[in-house]
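Number of protein chains: 2
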Amino acid sequence: MLSLFDLRTRIASGSLTPEAAIALSQEAIARQEPAIGALVRHQADPVIPRSGLLAGIAVGIKDIIDTADMPTEMGSPIYSGWQPKADAAIVARLRGLGAVPLAKTTTCPFASLDPTLTRNPRDLDHTPGGSSAGSAAAVAAGMLPLALGTQTGGSVIRPAAYCGIAGIKPSFRLLPMVGIKTFSWALDTLGLFGAGVRDIAHALAVIADRPAIDLGEAPGVPRIGLVTQDFAGKAEPEAIEALALAVRAAEAAGADVATISLPDILADAFHAQGTIQDFEARQALAWEYAAHRAAFGPMLGPQLDAAQAITADDYDSARRSAHRARRALKDVFGEVDVILTFSAPGRAPMGLGSTGSSCFNRLWTLMGVPCVTVPVPGEGLPLGVQIIAPFGDDGRALAAARFIELALAA
Amino acid sequence: MLSLFDLRTRIASGSLTPEAAIALSQEAIARQEPAIGALVRHQADPVIPRSGLLAGIAVGIKDIIDTADMPTEMGSPIYSGWQPKADAAIVARLRGLGAVPLAKTTTCPFASLDPTLTRNPRDLDHTPGGSSAGSAAAVAAGMLPLALGTQTGGSVIRPAAYCGIAGIKPSFRLLPMVGIKTFSWALDTLGLFGAGVRDIAHALAVIADRPAIDLGEAPGVPRIGLVTQDFAGKAEPEAIEALALAVRAAEAAGADVATISLPDILADAFHAQGTIQDFEARQALAWEYAAHRAAFGPMLGPQLDAAQAITADDYDSARRSAHRARRALKDVFGEVDVILTFSAPGRAPMGLGSTGSSCFNRLWTLMGVPCVTVPVPGEGLPLGVQIIAPFGDDGRALAAARFIELALAA
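So the sequences go chain by chain: A and B. Going by the numbering used here, the residue at position 279 of the first sequence is 545; the numbering climbs one at a time, nothing skipped. Going by the numbering used here, the residue at position 208 of the second sequence is 474; the numbering climbs one at a time, nothing skipped.
Hints are supplied without guarantee of correctness; some may be wrong.
Heads up, the list lumps identical chains together, so a pair's fine if it works in one copy or across two of them.
Dumping the calculated DMTMM-like pairs for lysine to aspartate or glutamate here, alpha-carbon to alpha-carbon at most 25 Å [unchecked claim]:
#	residue 1	residue 2
1	LYS351	ASP380
2	LYS500	ASP530
3	LYS596	ASP582
4	LYS351	ASP571
5	LYS500	ASP534
6	LYS596	ASP480
7	LYS500	ASP380
8	LYS596	ASP496
9	LYS351	ASP335
Treat the hints as calculated values from the structure; they're not laboratory data. If you're wondering where the values come from, they're calculated on a predicted model, not measured in any experiment.
Just chain A, same shape as in the assembly (with noise of 0.2 Å):
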C-alpha cells in the first residue's frame, strides 16, 4: 500500500517529488484497477501542484462527492455522465493543500446499499463492503494514499475494516458536507481511507487545519471501555476472537480494559438512526423518486417505498432518543477515554450480492462521535476493531487506534 505518511516524509525532506510520487499510483493503477473495478474514471494527466501539505498525494474521491473536473454520477443511471459546475468543499479544501484529486471512486448508488461491482483487493471473489467501496478498494489495492468516503450507517469503517485498512470517521460535521450528495442531513459524515493510522491522522489533521489531531511520538496508554453493542446483533466468531486479540495487545502494552454496558437509551437510539435515515432520504431523494423510481436498484427502490410511510412523529421522536443517547454517552466518556467495539460483524462476505452490515457502526453514525478502524493482523480476509471517543476529540481517537495498532504489531 501507499502510506500518505511516509510519501510526505520523503517529498517534504526532497526525495521524492510530488510528481514521481503521482507517478506510484498512476503506475498502480494501471497495473491493479482492471481487476479491482475501484474507480468510475481517473485524470491521465492531472495538474500536479509542487507545494502544499499534501503536494504529491493522489485522492480518490467518492462518486457522490462534486468535481469540477470530472462528472459525479453517484453510483446510478440517473446521474450518467452528470457534470456539476463546482468542486465539493473538501475537493476544493484539497487542491488548495496541493493534493491531487486523481480519480472518482464507485460507490453504491446514492451511498446506498445496492453492491456495486468492485472487488475486495484481499480476495476478488468477495466484497469490499460499502456504500464507499472505490475508496476502500484502491487504498488496500496501493493504487491511492488517501481517498474520501462518507458514512450514513457504516460505509467507511465497515469497508475498511473489509480491505484490511484504516479509516476514520470523524466528528459529524468536521469536514464539510458541501457538494456532496445528501442521503440524510443527519447522518451523512465525511471520512477518510488510508493505510495505517498515521496516514489517517496527518492527514486529517491538516485537512481539518487541526494540527492537534495529528499524533505526537508516541501515544499515550487510553483507558478502554470493551463494549459489545448486543442490542446490534451478533458478531461472527472470528470477529470475536479478533477484538479479543485486540484487548489483550491492549492490555500487554498497558492499558486498563474494563467491560462495560451502556445505557438502555444507546440501544434505543441504535434503532432510530433507521427512522431517521429514510425518513430523510425520502426527502433527499425526492426528486429522483419522482422522476426516476424505475432506475432505483433492487434495494433502495423499495427502501423508499417503505420510507413514505414513516410519519413525522416517528421521526421527532427518534430525534429526541438521538439527543437524549448523545447526553447518556458523554457519561460513558467520564469513565473511560475511548470505546472498543466490533468494525463489523465478521469479514467481507462472498461474493457481489450484499455489502455487509452495518449494524456495529449505525449508533455512532448517529452520535456523531469519531470513529476508527485498526486492521487486525492474522490469515484470510481482513478483520478490524473499531476505536471511538467524545465528540469532538478526533485526535483521541486516533491516538488509541495507533496505540491498538502498535500493541497488535508488537
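Use these hints to put chain B onto chain A, whose structure you have.
Leaving out everything else, chain B in the frame of chain A:
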C-alpha cells in the same frame, strides 16, 4: 396581496380552480414585475396539478434553490445559465403537494449582502431587503401567494418586515436544505413568505406534514417576554414605536408582557454568529473563491478575503458559545411562552445600495429557534415585529404571531 389561505379555502370549496388561481399570479406578474424586478424568470405555461393540499398555489423559489426545469443562478454571474439536474428537496415536496413552482426569485449573490436590483413594492425608491429580495417583493406586490427564502443572518425576517408581509424562519432543519446552495451549514434555514400569519402557518403545516403547526380557531393568550437586544445595536425611533404599539395591542388583548433581559451568554453567541458564518462560507464557496474571485461582488469578495484569517480555534470556540447559549435560552422559555423583539432596526433603507442590517435576526438564526415577523399597521414604509418561540415549537411562534396580528388589527 394574494392570500394562500383564502385561495386554498376557495379551491377546496370548489369556487376557484387551480388554473384560475395560478392565472391570478400570472396576471399580477405581467402587471407588476416590470417595475419591481423580483423575478429572475418564470414559467409562461406551467403544468398545473388539479389536486393536492397546495394545488393552485404559485410559489416563488429563491434562485439559490435548485429547480430541474429552470436555471439556478445563485444571483451570481459565476452561475449564469446554470441548469441543475434535480429539484431541491423542498421543490420536489411542493410539486408533490400540487403547488406550482412558478418563478425563480432574485437573490443577493450566494444569499449574501451585495444588493439585487429588485425594488420594494411599497416604495420603489427603497430596497426590499435581502438576501431573499425577490421572494419578499413578489409576495408584497401580489404576484405570488407563497415564496421560499433562506436565512443565514436575517435574510427572511428582514425583507418580510421591509415589505410589509409575514415571514417565518422555522426551526433549524424543519424544512430540508438538500439542493440549496450553502453559505453556512450551521445557519442556513429555509423560510416562507406570505401575505399574513394564517397563510404561512397553513403552508408550513402542510409542507412539513405537521398539522399541529397550523392555527386553531382562536390563538391562546401568550405570556410575552419583551427583548430589546441591546447587544445587537440600536433600533431607530420608528422601530421602537412599532414595538411599543405591538406591546400595547397585545396587552389590550389580554396578554402579559414583561421586559426580560437575556443571559450574557446570548450576547456572546450574537457575536459568535459571524465567526461561524464566515468560517463555513469560506469552505462552502471555496471553489468559487479559487476559480472566480474577481466575479464576487464588492461586499462578498472582501468578506471572504477576511474570512481566510479565521482559525479553527476561533470557530470551535464560537460553536461552544452557541451551544451554551442554546441551553441558556431554554431556561428563558421557562418564564415566557414567546419573545417579542424588533424584526429590523427600522424601515427599509433608501436606495438599492444596501439591503439593511440583520443585527436583530442573527442571534435567533444561530439559536435555531422559530422566528415570525408580523407587519405593524401604520403610515409610510412598513415596520414589523418579531415573535420567537423555543426550538421545535413553530406552532407556538405562529399562534403568538397571529395573536399579535389580530391585536394590531383590532
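Checklist entry - When no copy is specified for LYS500 and ASP534, does a C-alpha distance of 25 Å or less occur within a copy, between copies, both, or neither? => result within (17 Å within a copy, 48 Å between copies)
Next on the checklist: Within, between, both or neither: how does the pair LYS351, ASP571 come out at a Cα-Cα threshold of 25 Å?
Outcome noted: Answer is between: at 22 Å across copies they meet the 25 Å cutoff, but 31 Å inside does not.
Item to check | Status of ASP496 relative to LYS596 across identical chains (alpha carbons, at most 25 Å) | outcome: For LYS596 and ASP496, only the intra-copy Cα distance (20 Å) is at most 25 Å; the inter-copy one is 35 Å.
Item to check | Up to 25 Å CA-CA - ASP582 versus LYS596, copy category | outcome: both (22 Å within a copy, 18 Å between copies)
Checklist entry - Given a CA cutoff of 25 Å, do LYS500 and ASP380 count as a within-copy pair, a between-copy pair, both, or neither? => result Answer is within; shortest intra-copy Cα gap is 23 Å, inter-copy 57 Å.
Checklist entry - Are the CA atoms of LYS500 and ASP530 at most 25 Å apart within a copy, between copies, both, or neither? => result Within one copy, since 18 Å is at most 25 Å while 50 Å is not.
Item to check | Status of ASP480 relative to LYS596 across identical chains (alpha carbons, at most 25 Å) | outcome: Close inside one copy (23 Å), not across copies (37 Å); limit 25 Å.
Item to check | Alpha-carbon proximity context of LYS351 and ASP380, limit 25 Å | outcome: between (27 Å within a copy, 22 Å between copies)
Checklist entry - Quick one: LYS351 to ASP335, C-alpha cut-off 25 Å, is that within a copy, between copies, both, or neither? => result both (9 Å within a copy, 17 Å between copies)
In this structure, every one of the numbered hints holds.
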